[in-house]
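Participant: Assemble the whole structure, with the sequences as input and the hints as a guide.
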Amino acid sequence: MAIFPRDIIGLYLERDGLHYCCVRKGMLGLSLTRPGPDLEPQGLIEGSEYSCVRRFLEGISPGIRHEIYLVLPRGSFFVRDMTLPPMDLEEAWVSVENNLAVYCHLPLDQIYHDVLLTQREDSTINALVFYAQRNVIDRILDVFSESGKRHLLKWVGPFSMGIYSWLLIQDYSLPLKLILPPQDGSFELDVFSREGLLYSASWPESEGKGASQLVLAGLEERFEDVDGEVYFMGQDGVPGLPPPRDNKLKPLPLLVENPSVAAIAGALSRKRQVSLDGKPSKIRRLRPWHLLLPISIGVFFILVFFTRQTYKGYSAANEQVRLAS
94 MAIFPRDIIG LYLERDGLHY CCVRKGMLGL SLTRPGPDLE PQGLIEGSEY
144 SCVRRFLEGI SPGIRHEIYL VLPRGSFFVR DMTLPPMDLE EAWVSVENNL
194 AVYCHLPLDQ IYHDVLLTQR EDSTINALVF YAQRNVIDRI LDVFSESGKR
244 HLLKWVGPFS MGIYSWLLIQ DYSLPLKLIL PPQDGSFELD VFSREGLLYS
294 ASWPESEGKG ASQLVLAGLE ERFEDVDGEV YFMGQDGVPG LPPPRDNKLK
344 PLPLLVENPS VAAIAGALSR KRQVSLDGKP SKIRRLRPWH LLLPISIGVF
394 FILVFFTRQT YKGYSAANEQ VRLAS
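Heads up, the final residue of the sequence shown is numbered 418 in the numbering used here, and it's a clean run with no missing numbers.
Please keep in mind that the hints were generated in silico from the structure rather than gathered at the bench.
Keep in mind that the hints are not guaranteed to be accurate.
Claimed, not checked - The list that follows gives simulated cross-link-like pairs (lysine-lysine, DSSO-like), each with its CA atoms no further than 27 Å apart:
(1) Lys-118 with Lys-247
(2) Lys-364 with Lys-343
(3) Lys-247 with Lys-343
(4) Lys-302 with Lys-118
(5) Lys-341 with Lys-242
Facilitator: In structure tokens, the structure reads:
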């Protein structure tokens, strides 16, 4: 429950348009809100990927401090996966970072990257390296800078990570495998577990969705313990991803109706998000003082409450003694 309301804008950027959705998170929950006087709470702005972003940013209300989260389709970045033996997560992080030049097919000074680590039930570590060309991301960041709204952009991440957050929030049964409709010329297949996004593969749209069977066949040996259902997201495949049994993100549209909701789900999730905008990447570690602070505040208010109650009782008793005498 948020004490102070947050205005969150989710964006999904593709070649010929920008999907957006704006939501306010307050003490009473979520509500759709207009990001600007001439913009609906959600919608699609058509145009080239840079012109539509510029038009949207120009339409945002200047007096409101929005938080903007942007997700990109699979064709905007690359993914490399590997399995590491049981080890500490920080050691795994260092191992992957030290071998980036081996995993990535582009020079390291030409990419933005982030690493997602997932510890499996057998203690092995599944590592995904996400990376994108700097010049592609920088062109998007430049549009934000030119509009004076670069500070509002919190992160730029993969669409699949936002989907994972959405599935968790909506309490879908995991694991599952999800085949996404073509995004900027590429199909995508993702493997989700309760622990995290385990795998992401893509293939050209020209090969058709039937190529997913070849990818799935290769996954059976790789993830023997992941027996989840295979779903298609959208109207073109069977079986389609069923709607959530209890939509926990009302009144937002469903993910199949507006893909920018994936960015909002990432913003609302407590899971670490992959960021491809050049910000320093790090793993999230449990720090005791992060827990002690809210606990201490709670204990303080409880003590204040009982102190006041004791004082009231003491004052009432003194008053009764005074009247009796």
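Participant: Please work out if Lys-118 and Lys-247 have their alpha carbons no farther apart than 27 Å.
Facilitator: Distance of about 16 Å is within 27 Å: holds.
Participant: Are Lys-302 and Lys-118 close enough, with their CA atoms no more than 27 Å apart?
Facilitator: Between Lys-302 and Lys-118 the Cα gap is close to 38 Å, so the pair fails against 27 Å, i.e. violated.
Participant: Does Lys-343 lie within 27 Å of Lys-247 when you go C-alpha to C-alpha?
Facilitator: holds, 23 Å
Participant: Run the distance test for Lys-364 versus Lys-343: straight-line Cα separation, threshold 27 Å.
Facilitator: The hint holds at about 20 Å.
Participant: Tell me if the straight-line CA distance from Lys-341 to Lys-242 falls inside 27 Å.
Facilitator: violated, 30 Å
Checked against the numbered hints given earlier, this structure breaks hints 4 and 5; the rest are met.
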